[in-house]
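Engineer: Sequence:
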Amino acid sequence: KLMQLLIENAGANKAVLLLNNSENWEIVAECNNDTCDLSTTPLAETETVPSSIINTVKRTQETLLLNNLEQNNTFNADPYLLKQPPKSLFCTPIVYQGKLIGILYLENNLTTEAFTAERIELLNLLTAQAAISIENARLYQHLENYSHNLEVQVEHRTQQLQENNQHLQETLQKLQQTQSQLIQTEKMSSLGQMVAGIAHEINNPISFISGNITYAREYVQDLLELLNSYQESLSVPSVTVQEKLEEIDLEFICKDLEKVFDSMQTGSDRIRQIVLGLRNFSRLDEQGMKRVDIHEGLENTLLILQHRLKGNGDRPDIAIVKDYGEVPPVNCYASQLNQVFLQIITNAIDALTTSLAPDCPDIRIATQMQNQESIRISIADNGAGMSETVQQRIFDPFFTTKPVGKGTGLGLFISYQIVTEQHGGELQCISQPEKGTKFIIDIPI
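Counting from 1, position 308 in the sequence shown corresponds to residue 308 in our numbering; the numbering is continuous, with no gaps.
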């Protein structure tokens with residue numbers, strides 16, 4: 001509008017507005033009688049204005065008025081003026097607060113003396129107003145750019161903070177999982193060390209007992225034979241001896257001693273079996289992977305949990321149904337797999353000792369070859385089962401359906417990691433409400 005106003009009232013048929021953009025001068029508007037071109041063009045790349053005139057005004061910051069260009073030879077060498085010389089031209093600086101911000105160039109190619117004193121006065125007023133408008137527009141544009149950049153920066157920063165927050169939450173969760181897993185692993189390690197230590201301490205004295213039972217049996221047999229010899233040599237024992245024989249019932253003792261020694265031997269053998277099972281379960285003396293019999297690990301685990309399988313006044317015994325197939329030894333971390341067996345069987349026992357337990361609770365353990373590349377161990381109970389929602393989260397860390405203080409929610413999470421990460425296998429859970437739960441473990445051979 002300002003440019004059109006200049007064309008209409010200043011006696012010009014061409015008006016060009018140049019602005020100083022950080023010392024890079026640009027033509028931002030070029031108008032003639034009919035149209036206005038508002039595209040931005042660097043001054044150095046155009047020949048639509050006389051460069052010598054513009055440079056003079058830039059240098060002097062004073063208005064240049066040439067009302068009869070034919071009588072002025074100062075700028076005759078300018079390419080623009082040589083090509084299309086106007087009759088009159090007016091070029092004035094646009095100054096705001098002492099700073100050159102633009103230049104206004106006007107020309108009239110029809111008449112000399114086009115820019116009269118009245119028109120120059122009007123041009124000065126319009127130029128002063130233009131300086132204010134241009135600076136306001138620049139400030140507004142600067143504010144718009146700053147606001148946009150600030151919005152972009154805030155959005156970018158917000159996104160970055162959200163990503164960092166998400167990363168921190170994930171890191172914290174992983175740290176909590178790792179810390180809890182380390183605590184659980186340390187507990188299992190301490191338990192294994194304690195079990196191994198107790199087994200060792202029990203094994204030594206029970207070895208003495210077991211080893212001496214045979215000698216004690218032989219010594220007692222020798223004494224009984226000696227006693228019989230004395231009885232045969234004394235046809236009439238004394239009254240005191242006769243009373244003592246009747247008091248102790250020697251005949252019963254002779255018969256019962258053999259049973260006593262048999263029960264002692266059976267008990268001793270049982271203790272040795274339990275001690276061996278405890279040592280095999282902990283397997284702290286084994287480093288790295290080793291080929292082991294999976295059935296041995298299952299049996300040792302059942303031995304550890306035998307006391308929990310026994311019934312009480314509220315429920316019957318939990319039956320263990322075994323269906324062991326012919327499977328080869330497996331290369332594995334035996335103590336870790338025993339930990340998995342212990343966790344799954346313990347969960348099965350817990351499911352069978354609730355108020356929803358069946359009348360005839362049982363745990364079925366089966367082993368078989370799977371695709372000639374792995375063996376499958378399945379452990380199933382006939383308890384209450386679980387919903388699909390619970391089943392989907394059963395291996396999540398810290399997830400538990402047990403009451404507060406009864407479970408950490410890490411047992412099956414760690415078991416899943418042991419099977420999948422440590423052994424490259426698979427661990428699945430199959431369950432339906434009122435139809436029990438089955439865990440399937442696939443371990444590569």
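These aren't lab readings, by the way, just hints derived from the structure by calculation.
Incorrect hints may have been included.
Calculated lysine to any residue pairs in the SDA-like style (CA-CA distance at most 20 Å, straight line) [said to hold, decoys possible]:
1. K14 with K99
2. K99 with L125
3. K255 with R270
4. K290 with Q422
5. K255 with H295
6. K14 with N55
7. K244 with S229
8. K87 with L125
9. K290 with L245
10. K322 with H295
Engineer: Now tell me if each hint is right for this structure.
Structural biologist: These are the hints, each one checked on the structure:
Under the criterion of a C-alpha separation no larger than 20 Å, the hint pairing K14 with K99 is inconsistent with the structure, at around 25 Å. About 17 Å separates the Cα atoms of K99 and L125, which keeps this hinted pair within 20 Å; it holds. Restraint check for K255 and R270: not satisfied, since their Cα atoms lie roughly 24 Å apart, outside the 20 Å limit. Among the hinted pairs, K290 with Q422 is consistent with the structure: their alpha-carbon atoms are about 13 Å apart, no more than 20 Å.
Restraint check for K255 and H295: not satisfied, since their Cα atoms lie roughly 41 Å apart, outside the 20 Å limit. Between K14 and N55, the direct Cα distance comes to roughly 19 Å. Compliance with the 20 Å bound is thereby established for this hinted pair. Restraint check for K244 and S229: satisfied, since their Cα atoms lie roughly 17 Å apart, inside the 20 Å limit. Between K87 and L125 the CA atoms are separated by roughly 24 Å; this puts the pair beyond 20 Å, and the hint is violated.
A C-alpha spacing of about 61 Å is found between K290 and L245, which places the hinted pair above 20 Å, so the restraint is violated. The hinted pair formed by K322 and H295 meets the criterion: a straight-line CA distance of about 10 Å does not exceed 20 Å.
Of the numbered hints given earlier, the model fails hints 1, 3, 5, 8 and 9; all others are met.
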